[in-house]
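Kindly produce the complete structure, drawing on both the sequences and the hints.
2 protein chains.
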Amino acid sequence: MTPGFGPPPETRAACVALDAEDPLGGLRELFRVPADLIYLDGNSLGVLPRATPGRVARALESEWGEGLIRSWNEAHWITLPETVGAKIATLIGAHAAEVVATDSTSVNLFKVLAAALRMQATDAPARRTIVSERGNFPTDLYMAQGLIDLIGATGGPRYELRLVDSPLELTAALDAQCALVLLTHVNFKSGAVHDMAALSAHAHRQGALVIWDLAHSAGAVPVALNRDGADFAVGCGYKFLNGGPGAPAFVYVATRHQDRFSQPLSGWLGHAAPFDFDPVYRPRAGIGRYLCGTPPILSMAALDAGVDSVLAATELGGVAALHAKSVALGDLFIARVAARCAGAGLALITPRALAERGSQVSFRAPPELGGGYAVMQALIDRGVIGDFRAPDVLRFGLTPLYTRFVDIWDAVEHLAAILESRAWDRPEFHQRAAVT
Amino acid sequence: MTPGFGPPPETRAACVALDAEDPLGGLRELFRVPADLIYLDGNSLGVLPRATPGRVARALESEWGEGLIRSWNEAHWITLPETVGAKIATLIGAHAAEVVATDSTSVNLFKVLAAALRMQATDAPARRTIVSERGNFPTDLYMAQGLIDLIGATGGPRYELRLVDSPLELTAALDAQCALVLLTHVNFKSGAVHDMAALSAHAHRQGALVIWDLAHSAGAVPVALNRDGADFAVGCGYKFLNGGPGAPAFVYVATRHQDRFSQPLSGWLGHAAPFDFDPVYRPRAGIGRYLCGTPPILSMAALDAGVDSVLAATELGGVAALHAKSVALGDLFIARVAARCAGAGLALITPRALAERGSQVSFRAPPELGGGYAVMQALIDRGVIGDFRAPDVLRFGLTPLYTRFVDIWDAVEHLAAILESRAWDRPEFHQRAAVT
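From first to last, the protein sequence lines are chains A and B.
The first sequence begins at 14 in the working numbering and counts up one residue at a time.
The second sequence begins at 14 in the working numbering and counts up one residue at a time.
Derived by calculation from the structure, the hints in this document are not laboratory data.
Certain hints may be false.
Claimed, not checked - Here are the in silico distance ranges between beta carbons for each label pair:
| hint | chain 1 | residue 1 | chain 2 | residue 2 | range |
| --- | --- | --- | --- | --- | --- |
| 1 | A | His108 | B | Arg25 | 30 to 38 Å |
| 2 | B | Arg273 | A | Arg147 | 42 to 50 Å |
| 3 | A | Gly383 | B | Glu79 | 24 to 32 Å |
| 4 | B | Ala210 | A | Gly383 | 54 to 62 Å |
| 5 | B | Glu182 | A | Phe288 | 52 to 60 Å |
| 6 | A | Thr135 | B | Glu173 | 18 to 26 Å |
| 7 | B | Thr184 | A | Phe288 | 25 to 33 Å |
| 8 | A | Asp272 | B | Thr135 | 29 to 37 Å |
| 9 | B | Ala447 | A | Arg240 | 32 to 40 Å |
| 10 | B | His217 | A | Pro364 | 54 to 62 Å |
| 11 | B | His270 | A | Ala360 | 46 to 54 Å |
To be verified - Simulated coverage check for chain B against chain A, where a stretch passes if three residues somewhere in it have a Cβ under 8 Å from a Cβ of chain A:
| hint | stretch |
| --- | --- |
| 12 | 57 to 66 |
| 13 | 156 to 166 |
None of these values were measured; they are calculated from a predicted model.
From the three backbone atoms N, C-alpha and C, an ideal C-beta is built for every residue, glycine too.
Set out below in structure tokens:
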């Protein structure tokens, strides 16, 4: 039972009634949700907030068009990475001066991986493994591999990326060889949530540092980076923060680590005095040294408006309330699949407990459904947008800012109809798109 | 004498007449140049093209707002880095498959610095210096320092960044220890152009690789990367390409080097099959492996429109014609300063010859003018926007797409008036802004 929302409604009319009395229900008006869609993919790309076009138009037509170069000062472009970062900080349990919005999640991962590895190379050079999960989002693993390869190929030691497959293995892997642990807080495929406090504490006891990827957490599930002992974190701007396609990402560095080293992507915006044109890099004090090149202002303006769209829930209980509604939406989804799709063989892979569940529900599709790819295409064809994650996962993102209980009801009705009629088994639904 | 434009006009009326018959004059209509400004800072931030708001609004409201996640395929977001890169390739003498638009110039520099260093670590491990100029744009030096520090601090060899102060020293520094040369084609301060063909050939004879920074070249001066033997290049989207504040940058890798190594920022968009969610990085064939994270689509859409604004000159002679006009504008600027500001002590630091001059003119200000900072502030106060580069350079960018001969005439009249009246010597003009 989820606080505030009660057990899943058992009729469509009850869903409509629950939406009508939902204290978060009014937030949907802040978004342009296309009328013909049930959009359950806000964990891939959040919906356009109504305020965003105005915010971007201001940056584009007034600040750039009229102000031109003067807007770096007068429109405060130069401090946008910090001002947007400070807003994000409030959503993830960090101090304002611990977060900047910049670059992509992958690039930010490289910065913190390198900074953390360098700390360990100084303090504990015998530690040579980076531990992560095989089921982590692949780009996290790729960035670690890129760093390891670079160090090894240019004459440094051979670090090892050690991938584990279970919580038990993970605990065991945090041994005397482990330099860093790289974990994604909410698993992109299953939606399972790691216990940040317990894992951070365990890592620290073993002498390892922890980097948390908050791609599926920021704006979606309660996160308390400082309370829970995180060393470094990164996250994504275009999922639950609604910052638009490819929005800048963010990076968090705990205050205690900030001034120890500069990160290797030491571009001019991280310099203590970028307009001195000093040929020698001197890092800024604080989180600012995690900036690199010139920020993409138009995309940053959209991110600013996107973060504001999440902050609009602050007075209504903030991220904790959003997560509680998300879990209630998920409970409804799960209950309706059990009621309407029994026998289809869909296996829930998302944990049931509130504290263990991110803002999505995912099902593994059986071989009889061809692994599920075509099922998702058939759903999309009916205007229900979730996504498919290879090899066989149907993933439904739940963004309580703009998703209603009735949407969930209707989505599962579509799913049931597709499964019952085998409408998914058409050649056009089996044809893979470039992006899935 | 500049081809097509003749000697500098000697009256304001002659400037107006020259503008009227300028075959490139009509291009100004493609831009929203604020009516009250003479904007000579397009080498810091290009002017807003008239087509950009529509292009961005399409990406924002239709592609994101309506298409949502489907736009990665249906609006071809996923291939934008390549399609915009292919357009840029035509401006810099590269093949379409050698350029992608992505990340920032600094981040792209890190990729090619690391890839090049890795090539040399394999082929010629005794080569341990990266040679550059002390007067290079600082971020280029910072990125090299960041890479060197990372390798050294994690247990690898000590590479050295060797900075030279003169062309003679540069030639001498390309010795048996030199792994890479990192040069900016057009110097940001003086506007002097390097001889890419001669320097690339010399570097190759000495066994070094060459990375060219085209920040002040792309869209402004003729560049022939393939003809002139470049190994790697990077460049900026928001200067002469008019892509908007912090627009994505670009990276070029010569075909012969592309598939040798992956670069260390090995994010998922550089993977051969990003949607297989393979835990092991397998780079794409070709330039695509120089992509990293998800591209910022709104800023990329603006860059697309910005590049189109330069391509609009193609039928009128392209970059060569733009550069010829830029040099004519510069000649007028220089002639007018000689005529109207004689005795003020402004010393031209931009080369006179067409082949040696970028798309700007720069003057060193004498101590009697307080180094020039306040002079530039006084000019800006009158609506003539150039910029100041510490410690004492007045820099005027010339973007022939939207700059008229009459603008140059008027700009120097303002400068002369300010110098004559000492109007610059007021407290408010001495106060330094955060961004200069």
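How the hints compare with the structure:
| no. | hint | verdict |
| --- | --- | --- |
| 1 | A:His108 with B:Arg25: 30 to 38 Å | 58 Å, violated |
| 2 | B:Arg273 with A:Arg147: 42 to 50 Å | 28 Å, violated |
| 3 | A:Gly383 with B:Glu79: 24 to 32 Å | 29 Å, holds |
| 4 | B:Ala210 with A:Gly383: 54 to 62 Å | 57 Å, holds |
| 5 | B:Glu182 with A:Phe288: 52 to 60 Å | 26 Å, violated |
| 6 | A:Thr135 with B:Glu173: 18 to 26 Å | 21 Å, holds |
| 7 | B:Thr184 with A:Phe288: 25 to 33 Å | 31 Å, holds |
| 8 | A:Asp272 with B:Thr135: 29 to 37 Å | 36 Å, holds |
| 9 | B:Ala447 with A:Arg240: 32 to 40 Å | 34 Å, holds |
| 10 | B:His217 with A:Pro364: 54 to 62 Å | 59 Å, holds |
| 11 | B:His270 with A:Ala360: 46 to 54 Å | 47 Å, holds |
| 12 | 57 to 66 | holds (count 6) |
| 13 | 156 to 166 | holds (count 8) |
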